[in-house]
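Participant: If you want the building blocks of each chain, they are given just below.
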Amino acid sequence: MASLRDIKNRISSTKKTKQITKAMEMVSASKLNRAEQNAKSFNPYMDKIQEVVASIANGGGDVSHPMLNTRPVKKTGYLVITSDRGLAGAYNSSVLRKVYQKIQDTHSSKDEYTVIPMGRVGRDFFSKRNMPVEREITGVADQPAFADIKDVASEAVQLYTDGVIDELYIYYNHYVSAITQEVTETKLLPLTDISTEGKKLSSYEYEPDQDQILKSLLPQYAESLIFGALLDGKASEHAARMTAMKAATDNADDLIGDLTLSYNRARQASITQEITEIVGGAAALE
Amino acid sequence: MNTLTVSVVTPDGPVLEDSFEMVSCKAESGELGIMPGHIPLVAPLAISAVRLKGSKSTEMIAVSGGFVEVRPDKVTILAQSAETPTDIDVERARKAKERAERRKNSKQDDVDLVRAELALKRALNRLDLLEKS
Chain A
1 MASLRDIKNR ISSTKKTKQI TKAMEMVSAS KLNRAEQNAK SFNPYMDKIQ EVVASIANGG
61 GDVSHPMLNT RPVKKTGYLV ITSDRGLAGA YNSSVLRKVY QKIQDTHSSK DEYTVIPMGR
121 VGRDFFSKRN MPVEREITGV ADQPAFADIK DVASEAVQLY TDGVIDELYI YYNHYVSAIT
181 QEVTETKLLP LTDISTEGKK LSSYEYEPDQ DQILKSLLPQ YAESLIFGAL LDGKASEHAA
241 RMTAMKAATD NADDLIGDLT LSYNRARQAS ITQEITEIVG GAAALE
Chain B
1 MNTLTVSVVT PDGPVLEDSF EMVSCKAESG ELGIMPGHIP LVAPLAISAV RLKGSKSTEM
61 IAVSGGFVEV RPDKVTILAQ SAETPTDIDV ERARKAKERA ERRKNSKQDD VDLVRAELAL
121 KRALNRLDLL EKS
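Chains A and B supply the protein sequences, listed in that same order. Counting in the UniProt record's numbering, the first sequence runs from 1 upward without gaps. Counting in the UniProt record's numbering, the second sequence runs from 1 upward without gaps.
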């Protein structure tokens, strides 16, 4: 049985841990709010660019662009969105597990794929396993602006245009709600499925012509898809961290309850023992 | 007088939405003036200033990496960045200009040169707009 002093120390240290996890929970909650707003203000842009791309790509006429055509795959690129810091529950591990499995299943040699990890956790994961890392991105802000990641996004798109990779997948946690995040795999390039459902397509005049427009529009479209995934991933990150910290706070509460109970028991036991000793001593004198 | 609804949208959120009488912008193939009743059109924009003429005042917006989508009563400008004169960070634009100029003159391989050129254009565009407004 631990002594009274030991139990007391454990209670006070657990209380301090609880204060920290509680604070982290609240920080993540407010960051999640901001991230949700960012994702919301990004939506109009995405919707519009999708609408225009769809009406050009599906609007008849023979449009061709390397980014729309599937070509034989010699090398696959994986863009993986993770966080810079841990303490976010299963946020990083679930997305990394999925990518790792996919790579193990589909590729037999290291020449067939390359990874572009975003976030320190992902970078460490892949470099520790000696997997080919094309480019790494760390230190992305909690509330990223498009200008911050534009270079990265255009480099990823450039890899495809230059023929270094023949397809590009993106892996991230899709934000469903504050307690649910889903690992999502999306084939980013080539752009094969441009969804047109629920949108009315309009026919436009093109200035100068369709091919020219696709040439400047498609890279922008792909870049904004990457940015959208990043915003989604950031929202998930904050949500995951919030949930993890909430669980930690609850656990600390339970632990403090248990410890307080055993502290009181030990205190009571020592008092009882003292009384028994006094009574015993008095009885011996009579 | 007929008006057009103009909305300017960037990945970081909508910048502006209002009614104007005329939009003049610089497409990659040349200057474009758009008035109400224009046929539907899509055109990529150069790194340039877009002028929105309203009944009382004229607004200027610096855009880069954008294109314009025109419908008879609505014009949407989609750009990777779009800033009104008050949003422009002068200090940053000036620094970007100096950096881009330095890089351009340093004569390294040509990929760098293209990027420096674009960065310089963006910075000059912002500074020009500030001067005009």
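No lab work stands behind these hints: they were computed from the structure. Don't take each hint at face value.
[Unchecked claim] Covered, in the sense of this in silico footprint (three residues per stretch, anywhere, with C-beta under 8 Å from a C-beta of chain B), are these stretches of chain A:
1) 38 to 44
2) 47 to 57
3) 129 to 143
4) 219 to 228
[Said to hold, decoys possible] Once the Cα atoms are required to be at most 27 Å apart in a straight line, the calculated DSSO-like pairs of lysine-lysine come out as:
5) K104(B) - K48(A)
6) K150(A) - K95(B)
7) K104(B) - K150(A)
8) K215(A) - K95(B)
9) K26(B) - K97(B)
10) K74(B) - K40(A)
Positions of the beta carbon are idealized from the N, C-alpha and C atoms, including for glycine.
Participant: Of the numbered hints stated previously, which ones are contradicted by the structure, given in increasing order?
Facilitator: 3, 5, 8
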